[in-house]
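S.K.: Listed below are the residues making up each chain.
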Amino acid sequence: MFFDLTKEIKLEKNSYSRYRRLQALFYFFCFCASLYVAYFIFFPTQEFNFSFLMLTSNKGNALNPRTNDGTLITDGKFQAKQKSYFDASLVGSFSKIKLSFTPNRQSKKPDDSHIALRKSYRAFLYPEGNPIGFRDGTLIKNKSDYYLISDGKLRKFNSLATVAALNFPQTAFLSVESDDELKYNSPGEEISDTKNYPADSIFKINEEYYILNSQGTLKKFISSSAFHSIYDENIAISKNVDFLSNYVLAENPVGFADGSIVTYGTSAYIVSTNRIYPIGDPEIFINQGYNWSDIITVGGDEFSLYTKEKLFTLTSVHPDGTIFFTPDSGEWYRIENLRKHELPSKKIASSWLKKKPITVSAKSLEVLGGCDLKKDFFGNYSCLLPLNDTEDSAGKYYEFTFTTKDDLKIDNLNLLYEKNMTIQNLKLALRNMILKIKARYGIQTTVQ
Amino acid sequence: MQIPNLFAKLNNRIYPKLIEKETIIIMYKLLHDSLFMVLVFFILTLIAEAVLPGIIISHIGFSKIIITILLNVLLLRIFAKKITPEKVSVNTAPQKKESKKIIISFILLGVLLIFNSQLEMNVFLNLFFLLACLGIGYLSYQILFHEE
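If you read the sequences in order, they're chains P and R.
Its first residue numbered 24, the first sequence is counted upward by one per residue in my numbering.
Its first residue numbered 115, the second sequence is counted upward by one per residue in my numbering.
No lab work stands behind these hints: they were computed from the structure.
From the three backbone atoms N, C-alpha and C, an ideal C-beta is built for every residue, glycine too.
Among the hints, a few may not be true.
[As the list claims (entries may be wrong)] List of simulated lysine to aspartate or glutamate pairs, EDC-like, C-alpha gap at most 16 Å: (1) P:Lys33 <-> R:Glu200; (2) P:Lys379 <-> P:Glu354; (3) P:Lys30 <-> R:Glu200; (4) P:Lys461 <-> R:Glu234; (5) P:Lys176 <-> P:Asp202; (6) P:Lys370 <-> P:Asp202; (7) P:Lys33 <-> R:Glu136; (8) P:Lys30 <-> R:Glu234.
[Said to hold, decoys possible] Some residues of chain R that are not near chain P, with every Cβ distance over 10 Å (derived): (9) Phe150; (10) Ile170; (11) Gly175; (12) Phe220; (13) Ile250; (14) Ser254.
Please take these sequences and the hints and turn them into a complete structure.
M.R.: What follows is the structure, given as structure tokens:
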């Protein structure tokens with residue numbers, strides 16, 4: 024009576040052997056089912072769907088189909104020879120994406136319509152804006168000339184004596200050899216007044232830091248860590264308390280550098296202008312390219328300076344002030360007003376950055392792959408986009424560009440991310456699981 | 115008409131004609147096997163979710179597993195009513211030791227799951243909650259199942 028859970032229930036001999044056969048069949052079925060469950064744990068698929076017929080059924084802003092100017096497409100109409108976009112954000116490495124379009128019965132068919140894919144950070148795919156020069160307040164030495172970046176302008180000190188008279192610390196001047204690096208800040212009025220400080224001069228009074236703004240008022244930094252998130256210690260001119268009586272103090276203090284990561288309580292936040300964005304979870308933190316070592320712990324008074332925005336998730340775009348670095352091309356970019364501005368040199372970048380930048384491949388701006396839609400067995404129009412499943416590059420944002428030859432009306436749009444069943448993918452999945460378990464139990468702080 | 119009554123009426127009408135008594139017993143025994151497997155899956159899911167949250171429930175929701183268990187128990191109850199007493203042999207062998215082992219292992223599993231679920235909490239506070247949970251569990255058992 025091996026493995027009979029109901030030994031008390033008697034059966035005739037024939038019936039009992041029938042039960043045993045059925046029991047064996049049932050356990051075989053369970054074994055197959057467990058293999059199937061293991062399959063979708065180790066080789067998961069991820070599906071995104073957008074129905075143009077039932078807009079309310081679409082979760083959040085899934086796929087976000089939009090025209091070239093960013094207008095959301097809600098009627099399913101795609102214009103001929105016009106680029107349209109849709110996107111998805113997800114973590115993990117996948118082998119292929121199956122894209123499937125269900126055209127409306129009255130519509131022309133999307134045969135040979137082309138889809139191209141780019142994968143990066145969403146903000147890094149912003150159009151490029153004008154390059155940015157040094158940050159306000161930066162002190163620069165070029166050959167024998169001394170400069171201050173004041174109100175965005177490059178202002179030259181008329182002599183070294185003026186620098187000395189105003190007590191600007193010699194060690195704080197950033198040595199710039201090339202004139203090219205100076206051209207990104209427009210030239211401003213020469214500094215010759217030894218009595219009055221120019222705008223963006225920085226002072227240290229009683230262990231507190233102040234910056235002089237263009238209106239002639241002194242703005243206090245909310246804390247020492249806020250100051251150090253923007254400037255180096257040696258840039259500040261030491262002054263006595265009496266100095267404060269010469270200026271009007273501004274009402275609002277200066278907070279942390281845009282793009283800083285601060286933590287208050289158990290949550291981490293991204294700072295941008297006067298807003299903070301709470302980060303959903305550690306996985307999002309890592310997958311959006313941030314570093315644990317950059318976290319600054321803040322107090323209630325520092326935290327209250329900001330307005331809390333909605334949760335920063337994997338689909339969120341990096342806020343203004345974020346700095347990207349491309350190790351493969353050695354370029355730096357700063358995000359500002361929906362544009363990606365180049366920081367033309369490492370020195371310019373260092374004037375903006377006191378923490379690690381978000382690294383991203385310059386190649387991620389290029390098209391990763393493409394495919395043409397063909398009619399499939401079920402009457403939909405689909406194509407397969409192969410991906411490199413061994414390389415899970417930085418940036419989890421997939422941007423699809425859709426170009427069609429004719430005007431189309433689409434009823435449904437579907438994306439299916441799949442993973443090939445290979446030993447390599449199995450090893451990768453196991454490795455990621457172990458990493459996640461280690462991260463969960465605090466053995467290791469990185470998760471993929 | 116209440117649903118269980120409807121089931122009972124349908125059973126009375128259908129089973130004697132279509133399904134032999136032996137077949138009912140086979141189905142009853144198979145339902146035990148399926149309940150066993152679903153419970154094993156449920157426990158494994160609990161452990162997997164405790165270690166790596168989302169690993170199973172992102173594919174199969176807990177509600178589906180629980181509905182399957184409840185459905186299985188309901189079917190077992192219906193089939194049990196169809197089994198005549200002479201088909202059941204009363205087991206007189208002492209089983210206390212075996213069931214004690216099972217109970218202890220389930221309590222241990224429960225303790226680990228509760229402790230794990232509050233990992234981010236201070237260890238001593240976590241232990242305090244654990245003791246409180248055990249205390250409440252023991253008192254509830256005493257109230258519900260205590261034999262006078």
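S.K.: Among all the numbered hints in the text so far, which are the ones the structure does not match?
M.R.: 8, 9, 10
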